[in-house]
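Number of protein chains: 2
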Amino acid sequence: MVKYQQDELGRTFNALADPTRRAILARLESAPGLSVSQLAEPFPMQLNAVMKHLDVLSDAGLIARSKMGRTVSVELTPQPMADAMAWLQRYERFWSGSLDKLIAFVEAEET
Amino acid sequence: MVKYQQDELGRTFNALADPTRRAILARLESAPGLSVSQLAEPFPMQLNAVMKHLDVLSDAGLIARSKMGRTVSVELTPQPMADAMAWLQRYERFWSGSLDKLIAFVEAEET
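Line order of the protein sequences matches chains B and Z. So for the first sequence, this note's numbering puts the first residue at 288; every next one is plus one. So for the second sequence, this note's numbering puts the first residue at 288; every next one is plus one.
Bear in mind the hints are in silico, worked out from the structure with no lab data behind them. In this text, a Cβ means the ideal position worked out from N, Cα and C, and glycines have one as well. Take the hints with a grain of salt, since some may be wrong.
Claimed, not checked - Beta-carbon label-pair distances, calculated as ranges:
no. : chain 1 : residue 1 : chain 2 : residue 2 : range
1   : B       : Asp346    : Z       : Asp370    : 21 to 29 Å
2   : B       : Phe330    : Z       : Ala310    : 32 to 40 Å
3   : Z       : Pro306    : B       : Thr358    : 32 to 40 Å
4   : B       : Met338    : Z       : Ala336    : 44 to 52 Å
5   : Z       : Ser345    : B       : Glu397    : 28 to 36 Å
6   : Z       : Asp370    : B       : Leu334    : 28 to 36 Å
7   : B       : Asp342    : Z       : Ala310    : 21 to 29 Å
8   : B       : Asp346    : Z       : Asn335    : 29 to 37 Å
My request is simple: use the sequences and hints to build the entire structure.
Below, the structure written as structure tokens:
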């Protein structure tokens, strides 16, 4: 695996390590396009602290912010999660004992 | 989601955020039951630094160490990865919405 890919994955997993950041992503999943202040509303912290979490999520490529007038709205950009899941899938055979999945894994390794 | 679960997931994602720790897990996936010194061998760092990474992986429940005589051997205990994947699967619909997108993703992974 190339170094760049490692860094990408590292940023993704690091962004997902914080419960507030995971809660922000979960909120965006059910309510896409919220403004920053709407997004921050349920969290018991300063807006500034939420903004810092948004910076980490944005650096990891997990969200995109767009400005319209004075409102910044936030969208989920979940491609890095797909990459994280692809990384985890290598280990799936350990917990999903099914023969079909094991065969698929071995076949994928062989190609 | 209960707090305890959040902490578990946080520890898992944090453990996976480091490329050396991911490389250790990848090594254990292809060569289970390596001793600590065998495991540390390919990494360009002090044994002590590898031990610290093993502590993080162990605290996250991703590996188990067992001692036989003077040899400590390490096994993958991947259940936390299954939990991490279950968390990510909530977002799967964003990238696997259509078969075409899924095929494009797989093809991109293969190149």
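Query - Broken hints, by number - result: Hint 4 alone not satisfied by this model.
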